[in-house]
Amino acid sequence: MTLLSLQQLTKTFGGLTAVNNVSFNVDEGAVVGLIGPNGAGKTTVFNLITGNYQPDRGQITFAECELVGLRTHRIITLGIARTFQNIRLFQQLSALENVLAGCHYRMRGGILSAMLRLPAQQREEADAIARALRELEFVGLSEQALTVAKNLAYGDQRRLEIARALATQPRLLILDEPAGGMNEQETEALIGLIGRIKARGITLLLIEHDMRLVMRACEKLVVLEYGGKIAEGSPDQVRRDPRVIEAYLGAGDDE
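In case it helps, full-length UniProt numbering puts the sequence shown at residues 1 to 255.
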């Protein structure tokens, strides 16, 4: 079943067309990779899905809900979470506090109940802490729960971002270069983590330029070049596509 559908998506910035008539679907439960050379428009597609940008033309449908025109916080509550190419953590807060920030998207208590410390508010806070601790354990950071984010190793900060995104209870998790800056051992652990996230029934859409990760973790690839889609299919199909070989495979860094 299709969970996310992009149809004829187009976005321009001044005279530059960053995304040009792009269409593809992401099936529920799948791991899909969005790849392409530097400047292909991949991160722009992510920003369109998550409401950071609005398209000039096209439709974005998630679980039969039209996303175009919705604000980012509303898209999160619908069940889409993301990480970023450049790590965006609350660097002065602990790992636990960072994940709690994700939990707050699902909390119902208002300012008044928080001020009065009503029993329902206290129960909700306790549940949020328990959920945050479970997500830290899930990504392998339970022992660093009280460590300030800026003091975590780089790979641990990447995993903390994923834990915070998971705390929003997404149906779709969008990862923007999750292996960026990781060493071989950390990347191997990330591949395992992606598999465990998928096993929870969460759909994944990712940008990554570590082709070993892409080929092993993804079931389907969508390839962009100059803002347009040039290929779509299984990793084996894409690997053999002459247009992809010329445009990307064996080329330099991603955007």
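Because the hints were derived from the structure by calculation, they are not lab data.
The model shown is predicted, which means the values in this text are computed figures rather than measured ones.
C-beta: ideal position from N, C-alpha, C; glycine also.
Mixed in with the good hints there might be a few duds.
[Unchecked claim] Just the calculated beta-carbon pair ranges, DEER-fashion:
# : residue 1 : residue 2 : range
1 : Y226      : I129      : 46 to 52 Å
2 : G233      : Q92       : 41 to 47 Å
3 : Q8        : N183      : 38 to 44 Å
4 : I245      : I129      : 36 to 42 Å
5 : E66       : R200      : 22 to 28 Å
6 : R243      : E64       : 17 to 23 Å
7 : G15       : A199      : 41 to 47 Å
8 : I245      : A145      : 42 to 48 Å
Practice task
With respect to the beta-carbon atoms only, verify the hint that I245 and I129 lie 36 to 42 Å apart.
Solution key: violated (50 Å)
Handout entry: Pairwise beta carbon distance, I245 to A145, judged against the given window 42 to 48 Å
Key = holds (45 Å)
Exercise for the section: Take a look at whether the Cβ-Cβ distance between G15 and A199 falls inside 41 to 47 Å. Expected result: holds (45 Å)
Handout entry: Range hint 22 to 28 Å (beta carbons of E66 and R200) holds or violated
Key = holds (26 Å)
Practice task
For the range 17 to 23 Å, tell me whether the beta carbons of R243 and E64 fit it or not.
Solution key: Between R243 and E64, where Cβ atoms are some 33 Å apart, the hint is violated.
Handout entry: Assessment of proposed distance window 41 to 47 Å (beta carbons of G233, Q92)
Key = holds (45 Å)
Exercise for the section: Indicate whether the distance between the beta carbons of Q8 and N183 respects the range 38 to 44 Å. Expected result: Given about 40 Å between the Cβ atoms, the range holds.
Exercise for the section: Mind checking the hinted window 46 to 52 Å against the Cβ distance between Y226 and I129? Expected result: holds (47 Å)
Against the hints set out earlier in the document, violations occur for numbers 4, 6.
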